[in-house]
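Undergrad: Produce the complete structure using the sequences and hints provided.
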Amino acid sequence: MISYIGSFLILIALLNASLLVLARPIFSKISKDYDSLILSTSKLQFPLVLIAFICLIASFVNDDFSLRYISSNSNSALPFFYKISATWAGHEGSMLLWCLILSFWTFMASIYSKSLNIEFRTKFLSIMGFLNLGFLLFLVFTSNPFEKNISIPIDGKDLNPLLQDFGLIVHPPMLYMGYVGLSVVFSFAVTCLLQNDFKREWARWVRPWALISWSFLTLGIALGSWWAYYELGWGGWWFWDPVENASFMPWLVTTALIHSLITCEQKAMFKNWTILLSIIAFSLSLLGTFLVRSGILISVHSFANDPARGAFILLFLTIIVGGSLLIYFKNAPKIQDNISFDFFSRESFFLINNILLVTATFTILLGTIYPLLLDLLGLEKISVGVPYYNAVFLPIMTPLVLLAGYIPIMFSSKSKNKKYMISHLLLSFLIVILFTLFSIYFLDNYNISILLGIFIFIWISFNIIYDLIMKIYFSNIKKISFSNIGMMFAHLGLAVFILGATIVENNKVEKEVVIKIGDTIQVKDYTFEFKNISEYEGPNYQGIMAKFLVYENNNLLTELYPEKRIYASNNMPMTEAGIDPGLSRDLYITLGTLINDDVWSVRIYHKPLIRLIWLGALMMVFGGILSVLYKRKNLAFSR
Amino acid sequence: MKIFKYFMNLAILLCLVQSMTFADIKNNDILYNQLITEIRCMVCQNQNIAESEAPLAIDLRNKVREMIDEGKDKDYIKKYLSERYSDFILYDPPFSPRNLILWIGPFLFLIIISFYFFRKSLKR
Numbered sequence: 001m002i003s004y005i006g007s008f009l010i011l012i013a014l015l016n017a018s019l020l021v022l023a024r025p026i027f028s029k030i031s032k033d034y035d036s037l038i039l040s041t042s043k044l045q046f047p048l049v050l051i052a053f054i055c056l057i058a059s060f061v062n063d064d065f066s067l068r069y070i071s072s073n074s075n076s077a078l079p080f081f082y083k084i085s086a087t088w089a090g091h092e093g094s095m096l097l098w099c100l101i102l103s104f105w106t107f108m109a110s111i112y113s114k115s116l117n118i119e120f121r122t123k124f125l126s127i128m129g130f131l132n133l134g135f136l137l138f139l140v141f142t143s144n145p146f147e148k149n150i151s152i153p154i155d156g157k158d159l160n161p162l163l164q165d166f167g168l169i170v171h172p173p174m175l176y177m178g179y180v181g182l183s184v185v186f187s188f189a190v191t192c193l194l195q196n197d198f199k200r201e202w203a204r205w206v207r208p209w210a211l212i213s214w215s216f217l218t219l220g221i222a223l224g225s226w227w228a229y230y231e232l233g234w235g236g237w238w239f240w241d242p243v244e245n246a247s248f249m250p251w252l253v254t255t256a257l258i259h260s261l262i263t264c265e266q267k268a269m270f271k272n273w274t275i276l277l278s279i280i281a282f283s284l285s286l287l288g289t290f291l292v293r294s295g296i297l298i299s300v301h302s303f304a305n306d307p308a309r310g311a312f313i314l315l316f317l318t319i320i321v322g323g324s325l326l327i328y329f330k331n332a333p334k335i336q337d338n339i340s341f342d343f344f345s346r347e348s349f350f351l352i353n354n355i356l357l358v359t360a361t362f363t364i365l366l367g368t369i370y371p372l373l374l375d376l377l378g379l380e381k382i383s384v385g386v387p388y389y390n391a392v393f394l395p396i397m398t399p400l401v402l403l404a405g406y407i408p409i410m411f412s413s414k415s416k417n418k419k420y421m422i423s424h425l426l427l428s429f430l431i432v433i434l435f436t437l438f439s440i441y442f443l444d445n446y447n448i449s450i451l452l453g454i455f456i457f458i459w460i461s462f463n464i465i466y467d468l469i470m471k472i473y474f475s476n477i478k479k480i481s482f483s484n485i486g487m488m489f490a491h492l493g494l495a496v497f498i499l500g501a502t503i504v505e506n507n508k509v510e511k512e513v514v515i516k517i518g519d520t521i522q523v524k525d526y527t528f529e530f531k532n533i534s535e536y537e538g539p540n541y542q543g544i545m546a547k548f549l550v551y552e553n554n555n556l557l558t559e560l561y562p563e564k565r566i567y568a569s570n571n572m573p574m575t576e577a578g579i580d581p582g583l584s585r586d587l588y589i590t591l592g593t594l595i596n597d598d599v600w601s602v603r604i605y606h607k608p609l610i611r612l613i614w615l616g617a618l619m620m621v622f623g624g625i626l627s628v629l630y631k632r633k634n635l636a637f638s639r
Numbered sequence: 001m002k003i004f005k006y007f008m009n010l011a012i013l014l015c016l017v018q019s020m021t022f023a024d025i026k027n028n029d030i031l032y033n034q035l036i037t038e039i040r041c042m043v044c045q046n047q048n049i050a051e052s053e054a055p056l057a058i059d060l061r062n063k064v065r066e067m068i069d070e071g072k073d074k075d076y077i078k079k080y081l082s083e084r085y086s087d088f089i090l091y092d093p094p095f096s097p098r099n100l101i102l103w104i105g106p107f108l109f110l111i112i113i114s115f116y117f118f119r120k121s122l123k124r
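Heads up: the protein sequence lines correspond to chains H and Y, in order.
For the first sequence, the numbering used here gives the first residue as 1, with consecutive numbering after it.
For the second sequence, the numbering used here gives the first residue as 1, with consecutive numbering after it.
Check the hints yourself; a few may be wrong.
What the hints assert, rightly or not - What follows is a list of derived Cβ distance ranges for each label pair:
1) I111(Y) with K524(H): 41 to 47 Å
2) F329(H) with I111(Y): 21 to 27 Å
3) R98(Y) with P395(H): 20 to 26 Å
4) R98(Y) with I154(H): 50 to 56 Å
5) L100(Y) with L194(H): 48 to 54 Å
Claimed, not checked - In silico DSS-like pairs for lysine-lysine, Cα to Cα no more than 30 Å straight-line:
6) K508(H) with K74(Y)
7) K63(Y) with K381(H)
8) K334(H) with K78(Y)
9) K114(H) with K199(H)
10) K120(Y) with K508(H)
11) K381(H) with K78(Y)
12) K79(Y) with K330(H)
13) K381(H) with K72(Y)
14) K74(Y) with K511(H)
15) K381(H) with K120(Y)
Don't read these hints as lab results, they were simulated from the structure.
For every residue, glycine included, the Cβ atom is placed at its ideal position computed from N, Cα and C.
TA: In structure tokens form, the structure reads like this:
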């Protein structure tokens, strides 16, 4: 019964989205009042899809196996919270989540766009409506979560065991909030093209949307990395998997965008470039959806493979990307954009930032699609992974993060004296070098890349903290705005992330051992004692749990319980790592295979500073949100 | 400025000395752990052999371990694997004419867009 309501509401939402799209071209000829139709339909979309979504959740909770999607993604023995998160675990439900979030952003855009002039506003909302319509059509025709089973099975097939985890509850919604938030920026950019103008106050309006999408993307990616780290059982936090790349590319372009929007707003420069970045950012998030959802990549994430879906998304992608680029090349030359600056200027460095970020994005795009292209051309398949990105991506990012340590400070001070700046640069460089060399004292292993990582960390954080102290003690404290503090936090987060990533990648200790119950093994300063092994019954799996005692200098530190679980649904053994998290290091144990009685293969990892990777990301998110709050407070400008 | 130069030289020297002495340590564990994350499990969906528990991945891990214990170096092991399983098994695509665009594309892209933007927008 509930599922019928959901199904019905999706159709109503489809109708509503069609009204929103057609209001301008058709109803404007009949009635003058099409504005209010656009405003109300753009708001109505969200409650419609929300209730449909709640209907799907309710059907999951009620074990309504008459729905094909539920019978293949749930089971009556599935714990309650996983029944809720199973709603977006498969393809159909995650597309409904996508539609829900798109309607949410449409709703927000409709509410917070009062300051835009009415013609701009209605065009902008119509484009949002077009995106809503496209995704709803995709949902209804290729991926309807409310589709019925021909015969009702007694029980469901169960949720993929990898996904029965807290990570599934938080990671996809946060990531989608980011992906789809970019639709606001995209629609806005296309509207600017249709209006042949990009005013400074418009740049000011759109920046918070870019910032909030960026913050959600950062959070979503960080959650995904954290989830993969503890769930996949080999202690990696980033694999350069095509699906990870699909989320990282829009992130990089959005990072470029939030920087170029500053120049747009303050100097009215780079208007066309900023519009192009907005289009690319959303196109890349659509491309990501295409890559993941079409099953073109064989990857842990593509559990849904269906050529019809791929064809639809490809068509939609072509319309959106091709259409917007066509409008871009036709109308962009009409937008007045006088770019002219000295090499030694803030604008010049923003441009370098953008060039490096876009090149980094291009590198990842190339690494992701090159193997696909070779495959398509019938050539021998290749794999592109960590070694490639270490060799190509890192050299492109290194100058960028070096600049992030100095440029924001250099141009935030009012003095434009070049001599002063250069002597200041040299002085701080010297101090940071000294700190870096001093840090060797604390390390038990170091090489050139560790030193570079530490240098970058100290370089960024020293300059930011120095600048903050100078501002507080030697100038008026009121000058520091929220958005400036936000920038500092985000850049500090970047520094913390780099420190964590460098140290863990260079100084981690990984041991793969065969160990008998009762034996001990030494890893760094820790002694691991394999105490016993026990079996237990989980709600929908059989568990085998090992008990390890961990000693630090002969004092009991903690107990760890790595597990293997065999789920009734697919008989594949899943590993659950035993982790002792800490700011300075993680201890990480996974249980391998049984060699013979009482003898197991076990992996023990010592991961120094790995938590800084996610702490840094959280600091970036916090910085982004601070800047948004500031912007929202100051959004009173004339119509 | 003289003092600054002195420190710079000292720092560079220190870095060089350190990188030479530490990078060359042949630590079998480190090499093993690095290699198994750079080898694809051929029967899995985009997993490396460190991650996978498939029988093939376990066999390959043992084979890599064996070769390292025999004193074989990284290049030898990679060549050994790619000859048997094709380049697809390596996450490190070889620098060959077929992969030329992959390897130099990013740097060409960087040069082209830098040139385009700066020529257009710098004050004459």
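Undergrad: All the hints need checking, so say for each whether the structure fits it.
TA: The hints, checked one at a time:
no., hint, verdict
1, I111(Y) with K524(H): 41 to 47 Å, "45 Å, holds"
2, F329(H) with I111(Y): 21 to 27 Å, "23 Å, holds"
3, R98(Y) with P395(H): 20 to 26 Å, "22 Å, holds"
4, R98(Y) with I154(H): 50 to 56 Å, "53 Å, holds"
5, L100(Y) with L194(H): 48 to 54 Å, "41 Å, violated"
6, K508(H) with K74(Y), "19 Å, holds"
7, K63(Y) with K381(H), "23 Å, holds"
8, K334(H) with K78(Y), "55 Å, violated"
9, K114(H) with K199(H), "16 Å, holds"
10, K120(Y) with K508(H), "47 Å, violated"
11, K381(H) with K78(Y), "16 Å, holds"
12, K79(Y) with K330(H), "51 Å, violated"
13, K381(H) with K72(Y), "26 Å, holds"
14, K74(Y) with K511(H), "19 Å, holds"
15, K381(H) with K120(Y), "40 Å, violated"
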